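Q: My request is simple: use the sequences and hints to build the entire structure.
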Amino acid sequence: MGRKVLLDKAHIEGIRYYDVYRKNGGYAAVEKALKMAPGDVVEEVKKSGLRGRGGAGFPTGMKWSFLAKPEGVPRYLVCNADESEPGTFKDRYLMEFLPHLLIEGLIVASWALGSNRTYIYIRGEYAWIVDILEQAIAEANQAGFLGKNILGTGFDCQIYVQRGAGAYICGEETALIESLEGKRGNPRIKPPFPAIKGLYDCPTVVNNVETLAAVVPIMNLGGEEYAKIGVGKSTGTKLISACGNINKPGVYEIDMTQSVEEFIFSDEYCGGIANGKRLKACIPGGSSVPILPANLLLKTAKGEQRMMTYESLADGGFPTGSMMGSGGFIVLDEDQCVVRHTLSLARFYRHESCGQCSPCREGTGWMEKILTKLEYGKGQMSDIDLLWDIQRKIEGNTICPLGDAAAWPVAAAIRHFRDEFEWHVTHPEEAQV
Amino acid sequence: MVFSEDKLQKVQEIIARYPEGKQKSALIPVLHLAQEANNGWLSPEVMDYVAGLLSIKPIEVYEVATFYSMYNMKLIGKYLFEVCQTGPCMLRGSDDIIAYIKEKLAIGVGETTTDGMFTLKTVECLGACGYAPMMQMGKFYKEHLTREKVDQIIEECRSNAALNN
Ligand SMILES: NC(=O)C1=CN([C@@H]2O[C@H](COP(=O)(O)OP(=O)(O)OC[C@H]3O[C@@H](n4cnc5c(N)ncnc54)[C@H](O)[C@@H]3O)[C@@H](O)[C@H]2O)C=CC1
Ligand SMILES: Cc1cc2nc3c(=O)[nH]c(=O)nc-3n(C[C@H](O)[C@H](O)[C@H](O)COP(=O)(O)O)c2cc1C
Ligand code: SF4
Ligand code: FES
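Respectively, the protein sequence lines represent chains A and B. Numbering of the first sequence is given in the numbering used here, commencing with residue 1 and proceeding in unit increments. Numbering of the second sequence is given in the numbering used here, commencing with residue 1 and proceeding in unit increments.
In short, the hints are calculated from the structure, not lab data. Worth double-checking, as some hints may not be accurate.
The calculated lysine-lysine pairs, modelled on BS3-like cross-linking and capped at a C-alpha distance of 30 Å, are [unchecked claim]: (1) A/K197 x B/K22; (2) B/K10 x A/K148; (3) A/K69 x B/K22.
Bear in mind the structure is a predicted one, so any value in this text is a computation, not a measurement.
A: Following this line, the structure appears as C-alpha cells:
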C-alpha cells in the first residue's frame, strides 16, 4: 500500500466541514507556518522537492522564490482550478471532498508569498463546487484563519472564488490571468512570467489545486520528511485520475513507487481492464501527452518496468515514452479505434484554440478535417503524411503550449499506430460510415 | 431585463473582491448572473445593461460573452442537456447516448424541441471522465448515463415542468 498524505482523511464522515476537519488535525499547518518567517516557509517547500501538479512539473519552491517583491506593489496568489485537460478530474475530487485542505494550503501559501487577496479560478462548469468552497471559506473566516489580523500576526488575507465560463485555454496561466481581469482568455507571451508581471501587472504566483493542497503535509511533516516519500526527483504523492476502459475509474493517490502494470491491474487501483478485455493503449498524463501502446507502456524501450514517476513515464522521450502531465490516465481496450479517439481529441483542440496564432488556429482545423476523412474511409495514404507534416509545423511555433498539446497526440498516434491509419485507407468500406 | 435589488447587491459584493478600479474583473461572474436572470441566454440588451453596471464599453462585454462557451447567444429550451463527447467519454459510449437523446427528443445537436422544453448541445470534457458517459444539466452533472437513465431524466424534467405550470 502506498503512503497517502492528501486523501488519507477523505473517508472521514463530514470532513468537508470545518469542525470535523479541525478535529482531525486541520489548520495545524497554518498555525505552524504563521509562526515562521515567510521566507522560511518558502525554504521548506523548496526542501520538499514538490513539483507543480498542474502538468508542467516546475519546482514549486523555486517558483515562489522567483516572485518579484517591488516596494509598495501588491502580490497575488492565484489557484488554478480550471481543470479542463481531458482525462483529468483530480482537482474536482479534492475540492469536493476536502475543501479545507485547499483553503489551508492557500492560507499558508498566501503568507509565504505575501498575498492579501488570493483568488481561486475555477472552471465555470464546476458550479456546485463553488458553493462548497465558499462555505469552507466562510467557516475559515469565522474561525479566524482568514480575514484581518490572522492569529494575531497582523497578516490580512481573503480568498475569493472566481468562476470561469467554459474555455480550456483559461487553464493556461496567462490566459487565466486575462480571464480574471475580465477579458477573453488569450495567452500572453512568456517571459515575462507571472512571477514578475501577472495579475494587474503585479507579481503573481499561479499554482494548481493539488500543488497548493500538498503544501499542508509539507508544513506538517517538514520539507525533508515529505521529500522522503516518492522516488528520486518525484517526491511526495501524486493524484491520478483514471478513466476509460478500466474496472475502477476514479481518483487515486499514489506515492510513485508503483509500476504502471500494478496501477492498471491491481485491485487497489484501476482493477484491470473492463469486461475481461485486453489492454491496447494508454494516455498516462492527460490528453496532451503521447499515447503509448501496451508494450511500451508496461516496459520502457530498454525493457525495464515502467514506473508511475515523472522520470519513468518520460523515459525514452517522445519516440518511446510519454509524460506524467496532469495525471489524467486514459486507458483504451483492444476494441477501441485509435484513429477515432485521436479524431475526438483533435476536435477538442480545434474547439479550444483561442485563435491568436495561425499555426494553432489553422492547423488544429486541418488536423480535424484530415482525421475525419481518414476515420470515415475517405482518406488516402498521402493524408497520413500530410497529417504528420501539419503537426510538426504547429509544434514549437505558437504563443502557448496548446499548439504542442494538439500536435503531440496526433504525432504519437501515427508513430505507434500507423497501421491503423493505413487500414482506414485500404478498407474504406469497413471504416465507419 | 434589469436586476432585482438582491442581484444588484450581489454585483456590488463581487466588485468588492477586486482592487479599486479593477471592476472589469467582475464581468464574467456578472454575466453568469445576467444569464440566469434572463432565461438562460444573453441578448444584446442584457449585455448592454451589464456594460452599464460595470462602466465598461458594450464591445468589451460582447467580446467576452462570445468567447466563452457557457454563455448562450440565443434563447434555449427550459432544460439544456450538454452531453460530453470528448475521448474519455467516447470510450464509455457517449456516442450512443447522444444518438439516443437525438432520437428520443427528435432534435439534432444545437436544436430545441418544438415545445421549447429541451435543448441538446454537445460539449467538450467537463472533468467527469471517470464517471462517463455524462452530461451537464443546469448547475449539476448527470453521470454514468445509460439509455434508461436518460429516459428517467427526461421524465423528471417533464413532470417538474408540469408541476411548475
Ligand atoms: N491540469 C490541466 O488540466 C492541464 C495541464 N496542462 C499542462 O500544462 C503544462 C504547460 O504549462 P505551462 O504553464 O505552459 O508550462 P511552463 O513550463 O511554462 O510553466 C510552468 C510553471 O512554472 C513557471 N515558470 C517556469 N519558468 C519560470 C521562470 N523562469 N521564472 C518564473 N516562473 C517560471 C510558470 O510561470 C508556470 O507557473 C503542460 O505540460 C500540460 O501538462 C495542460 C492542459 C491542461
Ligand atoms: C492549454 C493549457 C491548459 C492548462 N490548463 C491547466 C489547468 O487546467 N490546471 C492547471 O493547474 N494548470 C493548467 N495548465 C498549466 C498552467 O499554465 C501552469 O503551469 C500551472 O497552473 C502552474 O501550476 P503548478 O506549478 O502548481 O503546476 C495549462 C497549460 C496549458 C498550456
Ligand atoms: S497556441 Fe493556440 S491557444 Fe495558444 S495562444 Fe496560440 S492560438 Fe491561442
Ligand atoms: S471526457 Fe467527458 S467528462 Fe472528460
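Q: Assess, step by step, whether the Cα of A/K69 is no farther than 30 Å from the Cα of B/K22, and give holds or violated.
A: 21 Å, holds
Q: Hinted pair, alpha-carbon criterion (30 Å max): A/K197, B/K22. Please report holds or violated.
A: 16 Å, holds
Q: Holds or violated: B/K10 and A/K148, Cα atoms, limit 30 Å.
A: 22 Å, holds
Violated hints are absent here; each numbered hint is respected by the structure.
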